[in-house]
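Peer 1: Put together the whole structure using the sequences plus the hints.
Residue numbers (my numbering): 20 to 193.
These are calculated hints, taken from the structure and not from any lab test.
Hints may contain errors.
Unchecked claim - Listed next, the in silico PhoX-like pairs over lysine-lysine satisfying Cα-Cα at most 20 Å (straight line):
id, residue 1, residue 2
1, LYS164, LYS137
2, LYS130, LYS113
3, LYS110, LYS71
4, LYS110, LYS130
5, LYS164, LYS135
6, LYS110, LYS148
7, LYS135, LYS110
8, LYS137, LYS113
Stated by the list, open to error - Simulated restraints, written as ranges between beta carbons of each label pair:
id, residue 1, residue 2, range
9, ILE182, THR146, 19 to 27 Å
10, LEU89, ILE182, 40 to 48 Å
11, PRO149, CYS192, 18 to 26 Å
From the three backbone atoms N, C-alpha and C, an ideal C-beta is built for every residue, glycine too.
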Amino acid sequence: MKSRMQSPSFAVRLHLTSPVSIYPLTEDEPLPYENNISIKFIMGSRKSRSRKQGIISIVLLAVLGVFFLLFRKNEPVIDKRKAAFRYNEIKLTKHAVCRMECRSIDESEVKSILQKGKINYSKSSLTDKPCPVYALEGITVDNQKVRVVVGNCDQEAVIITVIDLENEHSCNCE
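Peer 2: In structure tokens, the structure reads:
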């Protein structure tokens, strides 16, 4: 039969004019300083406390890990907005066609920017009705830095204009 290990006992002495004192006690030793306030309490050993804290930490981390895996969102909000451009039909305005011809940009490059470009929120008008306007910026195949302004309507993405961010072009578009 294993003997159960006893937790150490301590006496704490509190006195108005002196600091708190802690004295280790044996099981049959009386409390010192009977005239002062003395408190006897049982503490677990440091080893058992640190083991319990370690187990609790591991369990909490496991619960948080499971919670994260089950309830995380797979796609950020910006990607959801950009995904709408991928699935909508693309319609080019006359102005956009003129600007694209002037800047030597074809429709496949515009589609690429709609898929891979970054939304410039300072140039976008997300509250426009009936179609919020997004300004997506990216680089074309021939390394032009381009902004595509697109109205994201329910059934189609309307390309409003295409702007070359580095070079000024003299286009006669109305």
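Peer 1: Now look at each hint and say whether the structure bears it out.
Peer 2: Hints versus structure:
1. Taking the CA atoms of LYS164 and LYS137, the gap is near 12 Å; set against the 20 Å cutoff, the hint holds.
2. Between LYS130 and LYS113 the CA atoms are separated by roughly 17 Å; this keeps the pair inside 20 Å, and the hint holds.
3. Proposed proximity of LYS110 and LYS71 is contradicted: the alpha carbons are some 64 Å apart, above 20 Å.
4. This hinted pair checks out: LYS110 and LYS130 have alpha carbons roughly 11 Å apart, not beyond 20 Å.
5. The hinted pair formed by LYS164 and LYS135 meets the criterion: a straight-line CA distance of about 13 Å does not exceed 20 Å.
6. Between LYS110 and LYS148, the direct Cα distance comes to roughly 17 Å. Compliance with the 20 Å bound is thereby established for this hinted pair.
7. The suggested pairing of LYS135 with LYS110 holds, with an alpha-carbon distance near 18 Å, which does not exceed 20 Å.
8. Straight-line distance between C-alpha atoms of LYS137 and LYS113 comes to about 24 Å, which puts the hinted pair past the 20 Å bound.
9. For ILE182 paired with THR146, a C-beta distance near 21 Å keeps the hint of 19 to 27 Å intact.
10. For the pair LEU89 and ILE182, the beta carbons lie near 44 Å from each other, so the given range of 40 to 48 Å is met.
11. As the Cβ distance of PRO149 to CYS192 is approximately 24 Å, the hint placing it in 18 to 26 Å holds.
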